[in-house]
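Trainee: Take a look at the letters that make up each chain.
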Amino acid sequence: MGDIIEIKNLHFSYPASEDGGKPVEVLKGVDLEIKNGEFIAVLGHNGSGKSTLAKLMNGILVPESGKVIVDGTDTTDEEKIFELRCRVGMVFQNPDNQIVSSIVEEDVAFALENLGVPYEEMRRRVDDSLKAVNMYEYRLHSPAQLSGGQKQRVAIAGIIAMKPKCIILDEPTAMLDPQGRREVMNVIRKMNREQGITIVLITHYMDEAAQCDRVVVMDKGRIVLDDVPRTVFSHVEQVKAIGLDVPQATELAWRLRKAGFDIPAEIINEQECVDALVKLFDK
Amino acid sequence: MLRDITIGQFFPGNSLIHRLDPRFKIVITFIYILMLFTGSSILCLAIGAVYTVVAVLLSHIPAKMFVKSVKPLMPFLILTAVINIFFLDGGDVYLKWHFIKITSEGVSVSVFMIIRIVLLISGSSLLTYTTSPITLTDAIERLLAPLKKIKVPVHELAMMMSIALRFIPTLIEETDKIISAQKARGAEIDSGNFMSRAKNMIAILVPLFVSSFRRADELATAMECRCYRGGEGRTRLRQLKSESRDYIALAVTLIFYVSVITVNFLFVSKS
Chain Z
1 MGDIIEIKNL HFSYPASEDG GKPVEVLKGV DLEIKNGEFI AVLGHNGSGK
51 STLAKLMNGI LVPESGKVIV DGTDTTDEEK IFELRCRVGM VFQNPDNQIV
101 SSIVEEDVAF ALENLGVPYE EMRRRVDDSL KAVNMYEYRL HSPAQLSGGQ
151 KQRVAIAGII AMKPKCIILD EPTAMLDPQG RREVMNVIRK MNREQGITIV
201 LITHYMDEAA QCDRVVVMDK GRIVLDDVPR TVFSHVEQVK AIGLDVPQAT
251 ELAWRLRKAG FDIPAEIINE QECVDALVKL FDK
Chain L
284 MLRDITIGQF FPGNSLIHRL DPRFKIVITF IYILMLFTGS SILCLAIGAV
334 YTVVAVLLSH IPAKMFVKSV KPLMPFLILT AVINIFFLDG GDVYLKWHFI
384 KITSEGVSVS VFMIIRIVLL ISGSSLLTYT TSPITLTDAI ERLLAPLKKI
434 KVPVHELAMM MSIALRFIPT LIEETDKIIS AQKARGAEID SGNFMSRAKN
484 MIAILVPLFV SSFRRADELA TAMECRCYRG GEGRTRLRQL KSESRDYIAL
534 AVTLIFYVSV ITVNFLFVSK S
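Chains Z and L, in that order, give the protein sequences. Number 278 in this note's numbering belongs to position 278 of the first sequence; there are no gaps in the numbering. To get this note's numbering, take the position in the second sequence, counting from 1, and add 283.
Simulated from the structure, these hints should not be mistaken for laboratory data. These numbers were taken from a predicted model, which means no experiment stands behind them. Keep in mind that a hint or two might mislead.
To be verified - Label pairs and their in silico Cβ distance ranges:
#, chain 1, residue 1, chain 2, residue 2, range
1, Z, GLN271, L, GLY296, 32 to 38 Å
2, Z, GLN271, L, GLY516, 49 to 55 Å
3, L, ALA428, Z, MET175, 35 to 41 Å
4, Z, GLU79, L, ALA503, 20 to 26 Å
Claimed, not checked - Distance condition first, Cα-Cα at most 25 Å in a straight line; then the derived DMTMM-like pairs of lysine to aspartate or glutamate:
#, chain 1, residue 1, chain 2, residue 2
5, L, LYS524, Z, ASP128
6, L, LYS524, Z, GLU121
7, Z, LYS163, L, ASP529
8, Z, LYS163, L, GLU507
9, Z, LYS80, L, GLU439
10, Z, LYS67, L, GLU439
11, Z, LYS80, Z, GLU6
12, Z, LYS55, Z, ASP31
13, L, LYS524, Z, GLU120
14, Z, LYS55, L, ASP375
15, Z, LYS55, L, ASP500
16, L, LYS524, Z, ASP127
17, Z, LYS80, L, GLU471
18, Z, LYS35, Z, ASP127
19, Z, LYS80, L, ASP375
20, Z, LYS55, Z, GLU6
21, Z, LYS165, L, GLU501
Heads up, the beta-carbon is just placed ideally off N, CA and C, and yes, glycines get one too.
Build the full structure now, drawing on both the sequences and the hints.
Mentor: In structure tokens, the structure reads:
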């Protein structure tokens, strides 16, 4: 298991705006290695640089200094840029703004059309991808007829069709209702487990982050925490100082601990919290 | 109110009309329009009407959709018809009152015009109802492909058109939302005279434009992420294959067209 993405001392600024603004330094030295098949969440509040980091991971933006190496290829290598974008797919927040076609299956085929995949193979890959996200029966629908969660799954199918090794999802559930969020999260987990696709999930939702293998917390263009969710969320004070929340169960346990109750610090989901509370009452 | 616009709306289906090669459908629609404009007698229009009704029935699209597509133009049609009835002179006089004169010529021209336009709209709606906008654009792109040789950016134009079509429902929804939001903040959008209404439109158009630019930017990034690099070397999921039914449909249309021309000719030579 090698690293799919290697980021070394990455700096990035957005250029100065024309009306005299200063260049904005968004990333100030980021080091990150993502292993093949990992399911990793990136947390951070608005302006922490997490979306910029995502765009640097598939060559939409190129580093100012430092290196981003994806599957052995430097993202600044312009000759291999399309090859690289096939290997690292990207799903964005607003499902409406990433669906190109007026028919679901044609949208899923968009990337394959661009890559010049022959018809028979394209047909097969489109059908497989739609089945993988449970949207096959909607293949002839118009995206306008779908719910947010369904549209987002179509967008994911469009990426899976490229057969990427890694998918970066930039707040894919931020605009969805709870039902849509669940659907999308299930699909993402399934992709990770069944197809071994590396997932980089940028999110605002702590409960989503708690389901990942690893959580990276960003603040002001730097990585401040990088560990398994359990350990990251046990640093409640630090996480809160950055302006983020911890999962509700963790929050409850933390408050109880502060109030002097004997409850473990490393609780990240409801079940663990319930168990700990039951134990506490039994004493 | 905004949801009633049906132009460019596609109804998925699997009827004979749906399955026709879109390139043929475009050519056929052109012949159909020519046919309607060539026909100069009621008989010609009757032939056109038979053709339209058969096509509509074959498409399995509910007739009310066609009524809906004609509806927005009805006030304009009726106004033109009324003007024609009152001001066209010729033939028998049915009614005469001061300067108003209703003649057989006026009535027949009005009826003729209404039928012609209704057929025209229904027939061309049939094209967009049974062909997905992207297939349509695809077909146009292929029909116009020879123009690439003289440096017409056919692929780029087709791509722009298909994206525009894709975003029509999205932007309609967005406009509805903006209107509600502005109303909630006390904007008077439906009241006042023409000038103040036009002014109020700014409150809708500015946010709409701002959000459209943002959408365009995000869409461009998403397309880049999916390896879009122009028309070079693209393959298609939608394969356009002309089959015997396409040629038959074209032949049938041509037969109708020829019969309209024949009827025209007979009619003109008699009178």
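Trainee: Give a verdict on every hint.
Mentor: Going down the list of hints, with the structure as the test:
1. Z:GLN271 <-> L:GLY296: 32 to 38 Å: 48 Å, violated
2. Z:GLN271 <-> L:GLY516: 49 to 55 Å: 52 Å, holds
3. L:ALA428 <-> Z:MET175: 35 to 41 Å: 39 Å, holds
4. Z:GLU79 <-> L:ALA503: 20 to 26 Å: Because 22 Å falls inside the window, the suggested range holds.
5. L:LYS524 <-> Z:ASP128: 24 Å, holds
6. L:LYS524 <-> Z:GLU121: 18 Å, holds
7. Z:LYS163 <-> L:ASP529: Distance of about 36 Å is beyond 25 Å: violated.
8. Z:LYS163 <-> L:GLU507: 16 Å, holds
9. Z:LYS80 <-> L:GLU439: 24 Å, holds
10. Z:LYS67 <-> L:GLU439: 34 Å, violated
11. Z:LYS80 <-> Z:GLU6: It holds: about 17 Å lies between the C-alpha atoms, which stays within 25 Å.
12. Z:LYS55 <-> Z:ASP31: 15 Å, holds
13. L:LYS524 <-> Z:GLU120: With Cα atoms ~15 Å apart, LYS524 (chain L) and GLU120 (chain Z) stay inside 25 Å; holds.
14. Z:LYS55 <-> L:ASP375: 76 Å, violated
15. Z:LYS55 <-> L:ASP500: 14 Å, holds
16. L:LYS524 <-> Z:ASP127: Distance ~21 Å between LYS524 (chain L) and ASP127 (chain Z) Cα, so the pair holds.
17. Z:LYS80 <-> L:GLU471: Given that 25 Å is the threshold and the Cα spacing comes to 55 Å, the pair is violated.
18. Z:LYS35 <-> Z:ASP127: Distance of about 29 Å is beyond 25 Å: violated.
19. Z:LYS80 <-> L:ASP375: Distance of about 79 Å is beyond 25 Å: violated.
20. Z:LYS55 <-> Z:GLU6: Distance of about 14 Å is within 25 Å: holds.
21. Z:LYS165 <-> L:GLU501: 23 Å, holds
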